[in-house]
Structures are given as structure tokens and as C-alpha cells.
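Chemist: Same order as they appear, the protein sequences are chains A and B.
The first sequence: position 192 = 191 (numbering that gives the first Met the number 0), numbered continuously.
The second sequence: position 115 = 114 (numbering that gives the first Met the number 0), numbered continuously.
What the hints contain is simulated information worked out from the structure, not anything from laboratory work.
These numbers were taken from a predicted model, which means no experiment stands behind them.
It cannot be assumed that every hint is accurate.
[Claimed, not checked] Below, computed lysine-lysine pairings styled on PhoX-like, alpha-carbon distance capped at 20 Å: (1) B:K207 <-> B:K252; (2) B:K189 <-> A:K443; (3) B:K287 <-> B:K236; (4) B:K48 <-> A:K125; (5) B:K189 <-> B:K207; (6) A:K443 <-> B:K236.
Each chain is listed here by its residues.
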Amino acid sequence: MEAKEVFERFSERESFLVIGRSIRRFDALDKALGRAKFTADYVERDALVVKVVRSSLPHALIKSINIDEALKIPGVVAVLTARDIPGENQIGYALPDQPLLNDVKVHYVGDPIALVCAENEEAAFKGVEAVEVEYEELQAVYTIDEALSEDAPRIHGGEDNIAVTTRVRKGDIEEGFSKAEAIVEDIYETPYQEHMYIEPEAAYAIPEGHNKVTVIGTMQSPFLVREKIAGILGWSLNQVRVIQALTGGAFGGKDDMGPLVCAKAALAAVKLRRPAALIFDRDESAAYSVKRYPARIRYRSGADAEGRMTAAEVDITVDCGAYANRAPFWLWRMTAHAAGPYEVEAVHVDGKAVYTNKVFGGSFRGFGDVAMHFAVESQMDMLAEKLGLDPLEFRLKNVLRPGSRTTTNQLLDHSVGMEECLRGVAEASDWWNRRRRVKRTEGKLRGLGVACAHHGISTSRGAPDWSAASLILNEDGTFTYRTGICELGQGSQFGHAKIVAEILGAPLESIRVEGPDTDSTPNARPTHGSRGLMLGGSAAADAALRLRSRMVKVAAEMLGCDEGDVELRDGRAYDRRRPENSVSFRELAREMYIRGVSPAAYGFYAPPRRYFDPETGLGVAYPVYTFAATVAEVEVDPETGEVKVVEVWPSMDVGRAIDPLLIEGQIHGAIAQGLGFALTENLIVEEGRVLNPNFKDYVIPSSMDMPRVSNVIIVEKPYRHSAFGAKGVGEPAIISIVSAIANAVYHATGIRFRTLPITAERLYRALRGEKP
Amino acid sequence: MRPLPRFRVHRPESLEEALELLATLEKAKPIAGGTDLIPLMREVKVDVKHLIDLSRIEELNFIREEGGYIRIGATTTLSDLVESELIASKAPALWEAAASMGSPQIRNRGTIGGNLCNASPAADLGPPLLALEAEAEIRSLDESRCIPIGEVFAGPKVNSLAEDELLTEVRFKTPPQGAGSAFEKIGRRKAVTLALVNAAAYIEVEDKTCRVARLALGAVADRPMRLGEAEEMLRGKELSEELIEEVSALCSKLVRPIDDIRASAWYRREMSRVLSRRVLLKAWRRCKA
Ligand SMILES: Cc1cc2nc3c(=O)[nH]c(=O)nc-3n(C[C@H](O)[C@H](O)[C@H](O)COP(=O)(O)OP(=O)(O)OC[C@H]3O[C@@H](n4cnc5c(N)ncnc54)[C@H](O)[C@@H]3O)c2cc1C
């Protein structure tokens, strides 16, 4: 394809106009000034307030729902139940196990039963309290073991509580272990993590005439939201218009919560023919929204006398909570990354996800790979110790390199910078010296830990994956760029704009990005899996290349030169051989409109087709992987058990750095979030009830807890099939920081934690001989 | 968000006026920074119809040294305490406690009177003010009384004031030259964190002998507590690390903590020992300095 050639030419440019430079984002000022608008800012005063009536029991049959008393409360306009849903009362993501509103059975404390729609908050709260639900309580299941026991109640019917299973059979596992000099086996458990995004869930729905609805919301997948709303209403897709408002943090959670919240607001607006807003409170968000899936991993692995990995046998159980939601995808991701970023000849993996009567899990930055790498990276440290090797040295012997094969036997032929990442952090942290040097200082224990990460970008296995974007050259020479990729704080859209600017030679400020609106922006599919820039940006590049060829053609005619001599730069088209001969984009645009040359382009991108066999679990699991390594130094106070992360050295193979500042932003944020997961965040769930749904007792780190973060080491091993070779960066950094901290705590104290978080009290107890 | 219950706000400019409003209005409550009260009202844990805003009453907002006392007005904010040279130099325990609280935003609003009257067992100003043997002046329209600071606390989140009373001032004797005090806290993060245990000590040393020793701990009983038995072990003795170690070990037995979702009682006992030792050592070192 012609575009591909042009594109390759661009990727090989010696120097770029804007790519690779740290440039201030165009949304920074408005956000800093508080002028950026989020969903709740759009809600008009006369909108109906929607509140959710939730189950107070973890597992029960619904005998009756009585709304009479609620309707008597002044200001309560209506109470909607499953009966009011005109379409299909089903909103499950991977499996059809999740009604939007429950009228038969409830599966966890917080399960939605009805929607109170009121003139104001006060009436809405009173209304919620006045709805009477009569239950027949069922035995509840809270743990993986309970869920798997023979006589456990079946939460969603069927033969057992297993929602899905996975497996990988690669190589001869017996032979692998027979070659091993050292074998280590352990069980790892990771808990829930709540996103605690600064903006809670929100949706505002406005009926348009009698058969259309517009929904503004905080989300990650506008087109999925549209599909789910259409399903609930029994409408066609084009009767639903979904607009993604700027989103105040998402971290995966809003991929799942977007449809759930928007569909409820849409139902209220359509049924009552009035604008309706559903905005979660913090406690509601923290107690009832999706969480990082808890997981239990049994891991056995071995390495030979030379320090080469020979075998890994992994058994994974994911605790879904009440609904499967993303569990199949989560589990597949864990399964496909089970050997870590290392070459292991023989790998057997068995996975299952089980239902329990607790708040359900869902997407969260790192998507299963945080838990998986926590197990892998602990094992690697333990194996190294058994073999008498330095843990970093041991990793270097085994890391994936070009030509290596992954857990699923996927051949990595290029874009594999794991070794460079690891060497980078080793050098930056002065690993070999520092590791020997760190010791007691003023009664504190210091330790240094390392961890690697790899993370497949975008969607797993054979699932179709693509994205689209559009670009218009306006009459005045400015550009309107439209993408379905969401702005969640991460800045992907700005990355797209830079790609467009680079290809068109357009000043960045002449490009305006229009965010997701399902009525006008092309479908770029979800903003998850670290795909926003790689997939979305590649569609942007395709659109820009298409428009560029038309601009060059017309410019060549205007300038009277060959197309090959036209250069686009600084908003002008030049004749390369006679640079004084040029036209501005404004003139060029007018000429294109006059000549009837289309000034708009639609860009489409799909990564190369993949092949995957779910039976053996072998094949091409992801188009490409991002790699990361982190060294962390911690200081443990043995008198209190408190862990202070002193300094962190991060690195990442990003393919190509579209903007180093955006990458740093992602890595710093991931360090904070990973630090919380490793040390303090602990959702307390007793008998299915979340006891700490607030910032006071669900302890996320403050800025004061942030370590010194050393310069981010950016490794660039471009991916051949994406714009400028960029890969995703949102998730990998949280994967390596968690294990690096746990390994550093081990180095400092000699105590290995197989469950998280390593709270001060747990560490204190362990230091006094209790089993960690 | 759950709306606040309906209430009226009154903004008196004088103490007299405020006391009058409190005495006459039904279900009236004073509000200073509101950083404790507003969250409670949102959770519908207090029944309030009238809020008496104390922030405009200038006579309640001061820090001064007078007649051998350091006197602090009730609406003095935590930031005011942190910015005060007087507090930093004469009462470092109080300064450290104020500086450890919340975040800059919270310190800009939260007040000393509010922290005490909210009567949380974990209130960070409790231990240092106990260690400084502070007293509180309590006023109503027709009465004024002065009580030891510990008596402001009547139980978890319950103070001892009558409904028509206000805490107007906190005062303690200006620590003499050579006295030392210190505060320490263990939370679950570095800022914006509730104390799992907090502690403060005040020590005066004369000719190597400990003349005065006071130790107070918070979040280990239903209210901040003095550790009299421990103090006795120090008084009249020559201080040493060993002695302090011994006293601290006793402290972990004197406290009466509970298990909750933040920490176990056992951990709080252990930390009572650690913090007691730390504040005693730090205060002692400050005597010497
Ligand atoms: C995010 C956050 C972090 C916090 N961190 C800490 C912390 O680290 N340590 C800590 O100890 N606390 C902390 N707090 C609690 C709170 O900020 C402090 O207790 C603060 O000092 C309360 O003062 P205020 O003026 O805001 O009290 P208010 O909320 O105004 O009042 C509290 C109570 O005292 C009563 N009251 C106030 N003034 C008087 C008076 N003069 N006479 C009689 N009654 C009165 C009120 O009626 C009310 O019952 C935190 C709170 C928040 C929201």
C-alpha cells in the first residue's frame, strides 16, 4: 500500500518535528485552572436525580419489591424496576449473567434493584430508604475455597461456580523440571484494589424527541456504552448518542462502570421523558463499583545449574465476585503472561475464575499482570537465591529477547527491549554496588529490589481489533481531528495530535481534537489495554497520510513542482528545491475546496491478524508487548513495620516515545498506585460488606508518600506495525513497581510476603516471627 | 452527594453574641473550621438546626504569651500554630502535632478548639496539650470555668461541655528554659492520616535529675490519656536510655486500646511502647539542647 511506504519513510526520519519532544499538553491549562468540564458540570438544575436502590444482602431471592411508600415521598417522581426495562435486562460484559436491575435474585451487597428518580437529592435519598424489598436469604459464598466446595450454593445456577477456565500446554513439563537444579514452589494471593479515581461515576441523559437519547458520561468505551444502552432500551444503535465527557481518572474501572451507569440514566430519561443524572457518591463508588480482581496463584518453577529457566507450572484462580464481567479476559491475560518476561521452554498453566457473593471485579490498570508478575518476580528472586545468583543477573540470563518465544509460544521477532530496560535500571541505580552497600542506617533496614514486566498491548488472542479516526482540513487551514479514544487524564488524544502534526507538518495549535461522540467520531474501540495511543494513534496516522497525499498533489500543482519535491512544514507547503516558493495551508485548503478535492480523510488501522488456539493455549496472544523494569529501594522501620519507598528507578521499552512527558506522567502515576497496592490499600470486606469505602480508611498514598523517582529510562524498540513504532505505556509501570517493592522488602528484612498489602502491622508481626 | 440537612447559619462578631445565640436557639451547635462537623452532618450523625459560626469572633483568635502562660484562642487554626514562632520554640510537641495534621487545606481551616471539642480519641492535639498540662477555659452566658484539658474529653466523640458552653481558650505555663517536649504519630500514610497511636512527652531536667516528666498517648483508649505511673518512674531519677526503655515497656501495659479496621489492639500496645520511648528520648534530648 502506498500509505505504508510513506509511513515507513516517516518512521525512519532522522529527526522529528514534534514526535519525541516533551511538549505541554493543550488541555493542561484548562485543567489546572479548573475550567475543564466533567460530566457533573453539564447537569442542568432541573434534571431528575437518579439513585440506586441496592441489595442489603449478599445472596438472596427477591420475593417482592414494594415502591408504594417511596412514591408518596414529595419529590419522588418514579421508581423504576426491571419491569420498566423495554429492551433486554442484561448488561453482562463477557457472559450474560448480569441484569441491569435485579428482580429475581441478588448476588452481592450492593446489587442494583431499582432506580429512584426524584426532583432533588433529598427526596431521592428518602425514596431509596422507603423502597421495601422482601428477600429470601440464601447461603452466601465468600471465598475461592467456599465457591469451589462440593456443596456450595450455585450463584448463577449451572454445575459449579466456575465462570471460565483457561490452559496452556507448552513443552514437556516433566522434562523441564528434571533438568532443574533449583525448584521453588509457593502460593501467592493478591487482594482487591479500588480505583479511587478522583471523579466518581457519573452519567447525564437527555431525551431527544420521542425516539432518541443523548448520554454524557464518564467512561472509556463510548461505543460499548452505546451498544449496552441500545440493548436495554430495545433500540437501534443510531438512536443512542453517547458523548464521553472529560473523565477524571479511570484506570480501567470506567470501562466497566460506564455502561452500567449510563444505561441507568438513559432508562430514567427515556421512561420519564426528562433529563436525568446519576452521580455516584464516594462511598457508593468505593463499595459497589468494580475492583481489581483478587487472585490466587500456585506457582512452581525451576532453573538449571547455569541459571536458565527450565519449567513453570502455574495454577491460577481468579475471584470474580458476583458477576464474570471481564474475568475471562483477565484470566486469559494472566494465563498468557504466566511465565513472565522470560524464556521458559516448558510452561503449563491452568486457570479458572470463580463466582463469590462479593462486589465483582473488573478492569484495572495492569489487568491481571500485576498479580501474575508478583508471583513470577517473587519466584525469580527465590530461584536466584537458591542458585546463589544475583537476582538481576539471573533475570538477565532469562529475559525475552528478539527471537524468543513467550508463554504461549508466540515468536517475538522484533520490538523486544526487555534486556535494555533491565540493564538501564541496573546501571542507573548502580545495582551491584548499591545492593551490597545498603544496610542498616540509624536502626532502619534498607533493601534494594528489582522486577521486570511485560504486557501485551490491546486485546488478547484472536479477538478482532481495530480503530478508526477522521481528519478534516478546514477552509482556514486548521484541522479538526476526531477520535473515539477517550481522554482520561493520560493524554492519548494529544499524542494523536502530535502524530497528525508530524505527518502534515502542521503547527500543533492548528489541530483541534474532538473527543468521542458516537454521532460524529469514528469508532476507535475502547480506551483500554494501553491501546489508546498505539491503536488510536495509528488510525490518526492513516487519516493524516491519506489527507497528506491529496494536499501534496494539489500543492505540487500550485507550486509547479513534482509531488516528490513538496515538503509540508510549519503550516506551509514548500517546493524543496526552491524553498522561497511556498503556499500556506490556508491557501492550499481553499484551493482544495475549489477544485473539489476532498479535504477530509477517514483513517483505519488494524494490527496484523493473529492466530490463537484456545485448546492448547498456544499462538499469537497479543500484537506486541511493552516491557518495563524497575529497581526500588526501601527503608523499613523494624520498630514499627513501616516501609518507606526511598527511591525508584523506572525504565520502559515504549517502542517510540511520542512524548516523553506523557510517558513520565504515566510512570509516576503508576508508581503511586502500585505503591498503594503493595503497601497500604486494603479493602476490608466482611460477610460481603465493604467496611472502608472512603479515603480515611482505604489508604491510598499521598504525595508525601511518593519516593524520589529517578529519570525515566526510555528504551525505543519500535513496533513495525504502529504509528512511528509506538507501543502502549499506561499499564506496564504498575506491574513492575509492586514486585520491586516486595522484593526490596525481602532484601531489607529477609521476609518474603506472598500476600499483599505489606502493611506496617503485618510486617511488624512478621519481624517478630509470625508467619507473613 | 447526600445533601446536608437543612440548617441556619449565624455569624456573630462577638463572644457575647455567640453565647447568647447558643443559649437561646434550639439544636444549635458551634462551628469553627467545620472539618469535623460537616462530614458528621452529612452522615446524619448529628442533629443540628442552627450553626453558630465562630470564625468572625476576633477575640477568640490569638496566640500570645502573657503572665507566664502561653494562651491560644479557640479558633486559632492549625496553620496558625504551625506558623507561630512562639509555639515552635516553646512547645515543639504542640507544633509537631499541628504540623502532622491533615493537609495544608485542612490545617488552614481546622482549629484547636474544634480538634478538642470534637473529642476524637485520636485527636492529635490531645497528647501534647495533656503533656503540657494545658487547661481550657469554658464559657457560657453566665459562667466561666477553667478545666484541665483532659476533662474536655468525655468519651469517643463526646465532649464535656454543656450545650450553651463554648471553649474559648487553651493555656499552659510557658515551659522554662531547658524544658523539652516532643510529639510522634504513627499513621497509615505520611499525610492526611488518622493516628493509629500518637504520643507526646514533656520533660524538665535539673542537674541531671528529671524534675518533671509527663507522657500522654492518644488512640489507645476512649480518650487521650496521661500515663501517670510511667511519669512517676521517671520523676526524680537520672534519665538514661535504659530507664526510658523500661518506662516505655510499662506504657504498653497501661494503655487500653481496641481492635478496629485500622489496627489491632496488640499493635497499638506495641506502638505505645515504641512511641513512648521515642517522644521521651526526643524530649530529653531537647532539654539538653
Ligand atoms: C481530610 C481530613 C484530615 C484530618 N486530619 C486530621 C489529623 O491528622 N489529626 C487530627 O487530629 N484531626 C484531623 N482531622 C480532623 C479535624 O480536621 C480536626 O479535628 C480539626 O482540628 C477540627 O477543627 P474544626 O475547627 O474544623 O472543627 P469543627 O468541625 O468546626 O468542630 C468540631 C466540633 O467541635 C465543636 N466546636 C468547635 N469549636 C468549638 C468551641 N470553640 N467551643 C465548643 N465547641 C466547639 C463543634 O460544634 C463540633 O462539634 C482531619 C479532618 C479531615 C477532614
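Chemist: Taking the numbered hints from earlier one at a time, note which ones the structure violates and give those numbers from smallest to largest.
Modeler: 1, 5 and 6
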